[in-house]
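These protein sequence lines are chains S and P, in that order. Heads up, the first sequence is in my numbering, so the first residue is 310 and it goes up one at a time. Heads up, the second sequence is in my numbering, so the first residue is 33 and it goes up one at a time.
In short, the hints are calculated from the structure, not lab data. Possibly wrong hints are sitting among the right ones.
[Said to hold, decoys possible] Here are the in silico distance ranges between beta carbons for each label pair:
1. 341(S) to 484(P): 31 to 41 Å
2. 174(P) to 364(S): 35 to 45 Å
3. 64(P) to 361(S): 29 to 39 Å
4. 323(S) to 333(P): 24 to 34 Å
[To be verified] Take a look, some chain P residues computed to stay more than 10 Å from chain S by CB distance:
5. 39
6. 97
7. 100
8. 138
9. 262
10. 281
11. 287
12. 300
13. 472
From a predicted model like this one, the values you see are computed outputs, not experimental measurements. Glycine included, each C-beta is placed from N, C-alpha and C at the ideal position.
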Amino acid sequence: MRAIVTVIGKDKIGIIAGVCSILAEHQVNILDISQTILQEYFTMIMLVDLSRCAVPFEELSRILKEWGEEQALSIRIQREDIFNAMHRI
Amino acid sequence: MINQGEILQTIEMIDQQHLDIRTITMGISLRDCADSDARKSCEKIYDKICRLAGNLVRTGEEIEAEFGIPIVNKRISVTPISMIAESSDASDYVPFAVALDRAAREVGVNFLGGFSSLVHKGATVGDEKLIASIPEALASTEFVCSSVNVATTRAGINMDAVALMGRIIKETANLTASSGGMGCAKLVVFANAVEDNPFMAGAFHGVGEPECAINVGVSGPGVVRQALRSAKGLPFDQVAEIVKKTAFRITRMGQLVAMEASRRLKVPFGVVDLSLAPTPAIGDSVADILEEMGLESVGAPGTTAALALLNDAVKKGGVMASGHVGGLSGAFIPVSEDAGMIAALQRGSLSLEKLEAMTCVCSVGLDMIAVPGDTSAETLAGIIADEAAIGVVNNKTTAVRIIPAPGKTVGDVVDFGGLLGSAPVMPVNRFSPAQFIARGGRIPAPLHSLKN
């Protein structure tokens, strides 16, 4: 299963490193990353592969969200299907 | 890969524009639960609902977590109870409502619809018993919703049932007076009721439906309004295009969730209901969309035309996005559940008569309207008859969900809490239809019912 991770918040050092290490720790493979700074806001979008993920989806989502809150970032993970359904025919 | 702009747009719709799946509703046939012993029948009903819907709420929550889209309600609709209870020896059907309520509580849904009767051409003994049980059933349960179909385009309007429902609504309000007449918020009187509606309070699982089905209702007035903000001053052709594109996106998501729920629960997918359903949250309002089109306040001249365009464009955009479209499909205008409607009422720009006109072109009818507590049963019946006539003649579903709020008068506000919101009490025409309603009988089906 593939999913999209989005990270939005004020820019600072170590955001990518932090998110990537959580993903690596849970056997989540990163397929693609794009990152920009929009009006001082750090916006990162990752396409990830969860086929070897060691924890249930809800658990991974909670871990990312909680780490994000500690760093004052909004982090979410959603299955890729929802974006495909909405934007592709 | 989907591009960054599209991903952020989806997230913004969910985060800031209240995009959500309004309901996953599991329709369950209870036709095998009839029994000559009412107690046994109630047990069968309870057991069957718990067996089929045991995983409904959990599955909804899993989908919500994985797709990151809120699924606000998980609900159940069942076969109209009059058809099930009729085989039993019971004279009072309240115990059936209590059994449904227990099952709803057990599986964790927030509403269960189907304490219902279809009497558009006439009532059976079971229908009569069910309707007589409605006030107490709604007063003594928390989750059960009731509906009665009093008219169809094919059969005409059963005016005896219309008159009776006026009295039943009054009685329901009085029995639930301590909560502002809350029972009436769970009671819908229909013309041309549909069998696969996932929305409450009017959902029931029709007789032509399968054993079990998943029906999904989408929402998203906030998203449509935001999209229209970019269309200031543009002609209506372009307004319609924007609404269609937005409705398509919203509905695709509904279809995805419906298919996923159907697969996980191993229950066939029924329909997606293409609806713009508001909530009391600021920014989640159908009234705001109409005002975004250029009306100073909803109710102003032009409101019916604006709603007609909106309703039609939602259907056109949504229909290609879903495999099976059904239910009520259109824009809802429940007064108490829409902050923009409430504001318009308080400003004095919206009247009951204008709402009635709007129901000619929107998906349902006079919905969640509070009127003074001293409104007579005959006047309520007159309002129902007018709505039914609109539905029957225009070949569409119409409904009345009206609350004669006990002890309240024009200007007071009745608060129902949660999704049901709060309703300012509206003035009602003070002239009486009592002699009209007292005639009884049936208003014949219109000429265009003869289609064969």
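Hints, one by one, checked against the model:
| no. | hint | in the structure |
| --- | --- | --- |
| 1 | 341(S) to 484(P): 31 to 41 Å | violated (59 Å) |
| 2 | 174(P) to 364(S): 35 to 45 Å | holds (37 Å) |
| 3 | 64(P) to 361(S): 29 to 39 Å | violated (45 Å) |
| 4 | 323(S) to 333(P): 24 to 34 Å | violated (59 Å) |
| 5 | 39 | violated (6 Å) |
| 6 | 97 | violated (5 Å) |
| 7 | 100 | violated (4 Å) |
| 8 | 138 | holds (23 Å) |
| 9 | 262 | holds (17 Å) |
| 10 | 281 | violated (5 Å) |
| 11 | 287 | violated (7 Å) |
| 12 | 300 | holds (20 Å) |
| 13 | 472 | holds (52 Å) |
Hint violations for this structure: numbers 1, 3, 4, 5, 6, 7, 10, 11, all remaining hints satisfied.
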